[in-house]
Amino acid sequence: MSSPAAPVLAASDLVKIYPPASRAGRPSTALAGVSLDLAEGTCLGVVGESGCGKSTLARLLVGLERPTAGTVLLQGQTVTSFRRPELARRLQLVSQDPFSSLNPRLTVSSALTEVLLVHHRVDGKKQAAARVADLLEMVSLGPQFASRLPHEMSGGQAQRVAIARALAAEPQILVLDEPTSALDVSVRAGIVNLLAGLRTDLALSYLFISHDMAVIRQLSDQIGVMYAGRFVERGPWQSVMSEPLHPYTRALLQAVPEPHPDGSLLGGPEGSAEESTEGTLEPGESPAAASAQNGCKYAPRCPIRIDRCLTEEPPLEIVTGAHEAACYRAGVPVEPGDVPAEAGGVGERA
Amino acid sequence: MTDRDVTSAEPVLAIRDLSVGLRARSGVTELIRGVSLDIRPGERVGLVGESGSGKSLTMLAVMGLLASPVAVTGGSVTLGGTQLVGASDRTLRALRGSEIAMVYQDPMTSLDPLQRVGEQIAEGLRAHGVSRHEASERTVAALAEVQLPDPARLARSYPHELSGGMRQRVMIAAALAGNPRLLLADEPTTALDVTIQRQILSLVARIQRARNLAVLWVTHDLGVAAQFVQRLAVMYAGRVVEVGPTTAIFSDPQHPYTAALLDAVPSTTGERAALGQIPGSPPEPGSFPAGCSFASRCRQALPRCTRAEPILEQRPSGVEAACFVPPAEWRA
Amino acid sequence: MAQLAAAEPVAVIRPVASRRSLAARLWRQPSGRAGLIILAVMVLAGLASLAGLVPDNPDAQNPAATLRGPSAAHLFGTDQYGRDVLSRVMAGTVLSLQTALLAVAICAVLGTVGGVAAGYFGGVISSVVTSIADLIFAIPSILLALAIVTGLGAGWQNTAIAVGVSYTPIFIRVVRGPVLAIRNADYVKAAQVLGFSRMRILFRHVLPGVGGILAVQVTLALGWAVLIEASLDFLGLGPPPPAATLGLMVSDGTNIAGIAWWNLAFPAIAVVLLVLGFTLTGDGLRDALDPSTANN
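Chains as they are written, first to last, in our numbering: chain X, 1 to 350; chain L, 1001 to 1332; chain U, 2001 to 2296.
The hints are all genuine.
One-sided and incomplete, this derived list gives chain L residues near chain X with beta-carbon spacing under 8 Å:
| no. | residue |
| --- | --- |
| 1 | 1193 |
| 2 | 1195 |
| 3 | 1247 |
| 4 | 1266 |
| 5 | 1274 |
| 6 | 1281 |
Please keep in mind that the hints were generated in silico from the structure rather than gathered at the bench.
We put the beta carbon where it would ideally sit given N, CA and C, even for glycine.
Chain X extracted, bound-state conformation (with noise of 0.2 Å):
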């Protein structure tokens, strides 16, 4: 839950808009006002689908790049009036892969050396030797590791290996961006509780992003779910979970494939309502596609819009408590009948 105190890492209408790829192309719109508080010692869990500006509001907040407009506040001040590795004292990120994110010519032990020296986290060499040792502590490797290059390491390991470097650091936030999307399904497992416990043991503050609304679910305080480039809900992790408002964020989790056979797709008669909306989502998949419309982003795949939907953009509003969302028909429950009127352009770019 989110707490009273001042946010640690605020922003406000964010945009980011990419130039056009080649001089036919039209400009593309990753972020289209995305506005976020992140309540010290929390974990906002961010969630959508490929496409859905999530990696570029990491890139953003860690200031890899730079917004089209709005602003980003850390701990009230602005995140541009910070020095690089000021920056880098307050703010760490943790990517996909860890094998790309590592150079692969560095050991451990100087990968993270080089981050305790050049931040002055201790004094001298010896120093830094025990502080290796103590980092790969925290994230349950052995000593040994510290001379291991990365491809001597397996993907969890090499991912443990990088949550150890970014904490090296000593920031008081860390941006995960799909930290378990490129790992096995029990090694992910490890790697969500790890930073479940270091959440807790360092008092850390987590931006955590991923298309996985199971392991969001695991870590998050609060859940924002994104859509063509902006939060459709958002909300404390249990009333989106269990009483998603958008329409959007009820297909999302209607899609997970749950552990627990339930046989929708096994026995189902011909004709029932899986098989009669299979398909109608595809022509507008791709949500870059709907970015040049005026209402809704979601409109052209949604089986409960009205004519409003069409023309006018809903913003995000508190509809319950702290559950906002960005929807005319928010809550209104999608029958079995229900299908889009038209369906979108078919020759729509990848």
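Keeping the supplied structure of chain X fixed, place chains L and U upon it in accordance with the hints.
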């Protein structure tokens, strides 16, 4: 078709004691060890496991697509009576596309970026002696069957003009155009968003039922397995450690590895608790330990587990599992 | 992208840890080993010459013993002034090596600076550097070297400058590509987020990734440099006589090849061995650095 019909029918594909190894000067490194699996008409069978478990290699071995120095080192694979292990390239080529078809994870690598998708499907049909006219008709029909809108127009588009989900539909259309009896799928929905994955799975399920197709679906995603397949084989360190009806395995796993794996999967429902973790990491091919490969990570391992190798045995729940310790003991 | 987890079929066979030193891996390559042996022989011959360990003074004329064939006294025979061909070939090898080393030092430094500037900083710098490189590249290198030597005058240093400048564009291209790729690599982005300075990122995270490819290029360039330098000497644009350059010796040897083959053969073989040595070593180095062939 009911479950009873499925189990009594002759298998379309019978994998018996299949072993695959990496041949090197220093000897053979075992990658897959004695995998047996039957797939009957109208049956969707899943092959699940983590990286390196050998699930994808099993599939490549069935298709005869292993590349030297990786090769089948033992066992047999029969497709409706035809032995595939050691079959000539010509035999395999004739079977691929007509009897067996395959769908891969990344359609972009299996589609030619410079050729229209319709031509690519038609080309596959023509290779099996279908006339030009019939091939183009069947191509449009195949694209319609996978519910691509305006199939005639879509046939003239290039792969890069399609979204990921549409490309995967094209791949499925191409695979099914030759009217195969068996569809092999290697993580075809892994790179897709969940909403699109859902559509693809229900599409394949519908076509599969309509055609009474046999499907072998390789995935690392236990959720996909739970939702999609009727029978499941769980692989670990190159072996099948548990196989049986999906519902039975998920409700009452008989192998400690399966149980631990299920514990490790987060869910969108139920209580939020710490996920189960499996200590250690899977053995590397080439250093498979003696006895049960999972013993070193297994909380219930007995001394005999590291000495003798358990074989698949029938359990009362209808599942076969390769473990010496009955679940009643390790659940306590 | 979504879960890219468990789908690699043979990814279980991870590359063997290639911690073995580069020299050891090079030695395991047949071409690398052959190249290293040849170069060792030539370098030893050169060092012996520098140390004065030669059968005879390479410039000492002996009118009494001109155009003698190979014998115990003169293993490679003598030339038309009675000078010992072996001693002169050894001295020529030194001159060839020092010219090639200076030339390659010039193009490696200029090329690396240019390539890094173009690849790492991008923008206007990149356009300027690549335009200059393209301009130089458009002129045939032997022609360019000829023009430079004509302008600067004869002398081994000037030959080296000429060869160095004409090969700089190749180095710019060779360095720029990988720098550009590494600059966009995730681990360089990670270094930015970790708050490292640009210079630290450049020297510690980007440049080491170019080292291997640069080493290959340097080795191969040494081979070309020997060849171009010999060609310039052959054309009379190198150091003037009586300097013992291999190119000049080949040129003189050609005129009297009919009556004294050893005057042509031995310097020519020396040139061939030098070029071959560098080329084989460079090929071996490339294979040793290539992860797909390094561990077999």
